[in-house]
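As given, the protein sequences belong to chains C and S, one line each in that order. Be aware that the first sequence starts at 0, since it is given in numbering that gives the first Met the number 0, and climbs by one per residue. Be aware that the second sequence starts at 0, since it is given in numbering that gives the first Met the number 0, and climbs by one per residue.
FYI, nobody ran anything at the bench for these hints, they're computed from the structure. Just so we're clear, the structure is a prediction, and the values are computed from it rather than from any experiment. One thing to keep in mind: the hints can contain errors.
[What the hints assert, rightly or not] For the chain S half of the interface with chain C, some residues (derived, Cβ under 10 Å), not all of them: (1) 7; (2) 18; (3) 22; (4) 51; (5) 53; (6) 72; (7) 83.
[Claimed, not checked] Capping the alpha-carbon separation at 25 Å, the derived lysine to any residue pairs in SDA-like fashion look like this: (8) C:189 with C:108; (9) S:45 with C:285; (10) C:16 with C:285; (11) S:90 with C:280; (12) S:25 with C:115.
We treat Cβ as the ideally placed atom computed from N, Cα and C, and that holds for glycine.
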Amino acid sequence: MRFPLGNVHTGQAGFQKIVDLFLAMESASDVTCEVDMSNLSWIDANMCSPLGAILSRKKKRGARIHLINPQDRLKKLLIKNRFLSQFQGVSDVYETTIEYHQFDCSPQSSSVFQGHVTENFRPGSKGLPTMSDQLLRKFRESLYEIFQNAREHSESTDGVFSCGQHYPAKNRLDFTITDLGIGIDGSIKKKLNVSISADKAIEWAVSGKTTRGRTGGLGLQLLMEFIRQNNGRLIIVSGAAYWQIARREISGCLLQVPFPGTSVTIEVDTADRSSYCLKSEINPASIF
Amino acid sequence: MTESITVKIVSIVESGICVAAEDGEKVYHVVYEALKNGKSVTLSFKGIEDLTSVFLNAAIGPLYGEFSEEFLKTHMNPPQDASQQDLDTLKRCVERAKEYYRDPERFRSVEAEVFGDD
Chain C
0 MRFPLGNVHT GQAGFQKIVD LFLAMESASD VTCEVDMSNL SWIDANMCSP LGAILSRKKK
60 RGARIHLINP QDRLKKLLIK NRFLSQFQGV SDVYETTIEY HQFDCSPQSS SVFQGHVTEN
120 FRPGSKGLPT MSDQLLRKFR ESLYEIFQNA REHSESTDGV FSCGQHYPAK NRLDFTITDL
180 GIGIDGSIKK KLNVSISADK AIEWAVSGKT TRGRTGGLGL QLLMEFIRQN NGRLIIVSGA
240 AYWQIARREI SGCLLQVPFP GTSVTIEVDT ADRSSYCLKS EINPASIF
Chain S
0 MTESITVKIV SIVESGICVA AEDGEKVYHV VYEALKNGKS VTLSFKGIED LTSVFLNAAI
60 GPLYGEFSEE FLKTHMNPPQ DASQQDLDTL KRCVERAKEY YRDPERFRSV EAEVFGDD
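The whole structure should be built from the sequences, with the hints applied where relevant.
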């Protein structure tokens, strides 16, 4: 059965297209699923993370997935980032792609993800945009916070999917981490035995609450502070809820069809030269 | 006089990338044993390249469930070689842990906070 896919940009419309594709594929009983890319002239490469997640789930359940009729320009992009893994590799002349990866949720996967982040986001990394050391460190640590949250809370049996893209002309660096787990609302329901809507669950999570039964829950809060200061964008999709902070403004809506898990996108302004220094110095003697 | 030990975080984690809860737990166990034996502890942040709240919550947070705030105030020495950014993350994790362990039940009772007028 053939499933058409149009352009996918980072944002609510892009996620809606992916969940629509997911729903259509779930409804089909065919073993062979062809994703028709003839009308796909662009996909923000980081959106390969949620797209790859749902295709991977379908494949894991026995379907044969074919990505057909990719346009040449897009085909090159999706080869460079290894999303179209059935093709031969093409050299990444512009070095703006960050490879698509699937990780499991084991403790060992932390090391694998760390290796991936280290390779791509250290001073001197191939193709890395010029970023201040502080910004680069904050970016790396944000990725680790998101990944560890996905690994610890999602209960995803399909793993965690990541992909990124640098847009040099726009001074923009995007990275998306996706899981196909129980969602933030599912995690809260399970651990605290309360029912909560998907949108309220995200609001709860970014306010710094914890479900752990022990202290914690600061990761998303720290991430929000960083994104505000950078004037970047943070998008959280979990279940039926789409939430974002962009240009320091928060907005959200409900998707027509729930996304089967959680996807977090961080977008930073790579030209940001803010010092990220604290307003007042912390005395080590005051910590404990 | 209380014996003092320095716990070099990167030596326990065997890496400067201190981001996972499992690695934080390794640090917690070392600190816990030292404190249980009546020693005071200095955490060394020397060599840390990346640090997350996930790691620190696992490394330090649970100490506040095992020891009183007063005990930790006198037995956890000022951290060494920590950047201001590291200190900021650590301080937030410590404050969060203090809040939590002062009243764990309040943290678990989320209905009124979450639902409001639902």
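Hints versus structure:
1. 7: Hint on residue 7 of chain S: violated, closest Cβ of chain C at ~16 Å, above 10 Å.
2. 18: holds, 4 Å
3. 22: holds, 8 Å
4. 51: This hint holds: residue 51 of chain S lies near chain C, its Cβ roughly 5 Å from the closest one there, short of 10 Å.
5. 53: At 4 Å from the nearest chain C Cβ, residue 53 of chain S passes the 10 Å test, so the hint holds.
6. 72: holds, 5 Å
7. 83: holds, 5 Å
8. C:189 with C:108: holds, 24 Å
9. S:45 with C:285: Measuring from Cα to Cα gives roughly 19 Å; hence the hint holds.
10. C:16 with C:285: Measuring from Cα to Cα gives roughly 50 Å; hence the hint is violated.
11. S:90 with C:280: holds, 12 Å
12. S:25 with C:115: holds, 23 Å
The structure shown violates the earlier hints numbered 1, 10.
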